[in-house]
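Please build the complete structure, drawing on both the sequences and the hints.
For the protein sequence lines, the chains are A and B, in the order given. All residue numbers for the first sequence refer to the numbering used here, where the first residue is 1 and numbers rise by one. All residue numbers for the second sequence refer to the numbering used here, where the first residue is 1 and numbers rise by one.
In short, the hints are calculated from the structure, not lab data. Careful, some of the hints might be misleading.
[Said to hold, decoys possible] The calculated DSSO-like cross-link candidates involving lysine-lysine, where the alpha carbons are at most 27 Å apart (straight line), are:
1. A:Lys107 with A:Lys45
2. B:Lys65 with B:Lys76
3. A:Lys45 with B:Lys43
4. B:Lys43 with B:Lys65
5. A:Lys103 with B:Lys76
6. A:Lys39 with A:Lys107
7. A:Lys107 with B:Lys43
8. A:Lys103 with A:Lys45
9. A:Lys39 with B:Lys76
10. A:Lys39 with A:Lys103
11. A:Lys45 with B:Lys76
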Amino acid sequence: DIQMTQSPSSLSASVGDRVTIACRASQSISNSLNWYQQKPGRAPKLLIYAASSLQSGAPSRFTGRGSGTDFTLTISSLQPEDFATYYCQQSFSPPYTFGQGTKLEIK
Amino acid sequence: EVQLVESGGGLAQPGGSLRLSCAASGFTFSSYSMNWVRQAPGKGLEWVSYISSSGSTIFYAGSVKGRFTISRDNAKNSLSLQMNSLRAEDTAVYFCARAYGGNSFFDFWGQGSLVTVSS
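Structure, rendered in structure tokens:
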């Protein structure tokens, strides 16, 4: 199975900050990496697919990069609605594993 | 508008069974692969199972293989997850999610259905 490791597990930041979350796969997954945002009590929401493609309706301040084993999600200027938990997920091969999540909190 | 609505959750005893359903609308259900993803209370997301658009290809997470069965009825726009031999560690909110494209990312999710396994 492919293991997905996110860092950091939690992050405190302020509105307007630029933040980056990292995700590492235990083996190469090409660009089969997706990012989701989840708010408490809600279903996850797709933000980025295929490592760098912005899902329709997702704000342009979200940027995904990477290929192979190392990936990042960057939020260019944090907005109040961005405080949530973020998950990476590989869709290269089943089981389609998720990272453990990164909780983004208000400083 | 794409909608996925789960039902069938509730309380089950250890060793018991439950069947979850996911009713799909707003898209051509038979053209999309589907998945189940779960989230234990206070924990992260765990992928559970995948079924191809025709139902011919199925995958399971190791933690549920041999106990859970995914199926679909394209005529009824419905996805199901039969859960047998339930364990306390199966307690979670179960989401159905539509998979899009060759890279199989999950572009639409249901609101989730809570399954609690307890005596």
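Hint check results:
1. A:Lys107 with A:Lys45: holds (23 Å)
2. B:Lys65 with B:Lys76: OK: B:Lys65 and B:Lys76 at ~26 Å, within 27 Å.
3. A:Lys45 with B:Lys43: Within the cut-off at roughly 17 Å; holds.
4. B:Lys43 with B:Lys65: holds (21 Å)
5. A:Lys103 with B:Lys76: violated (38 Å)
6. A:Lys39 with A:Lys107: holds (17 Å)
7. A:Lys107 with B:Lys43: Status holds; Cα separation ~22 Å.
8. A:Lys103 with A:Lys45: With a Cα-Cα distance of about 15 Å, the restraint between A:Lys103 and A:Lys45 holds, given a limit of 27 Å.
9. A:Lys39 with B:Lys76: It is violated: about 31 Å lies between the C-alpha atoms, which goes past 27 Å.
10. A:Lys39 with A:Lys103: With a Cα-Cα distance of about 10 Å, the restraint between A:Lys39 and A:Lys103 holds, given a limit of 27 Å.
11. A:Lys45 with B:Lys76: Holds - the C-alpha atoms of B:Lys76 and A:Lys45 are around 26 Å apart, at most 27 Å.
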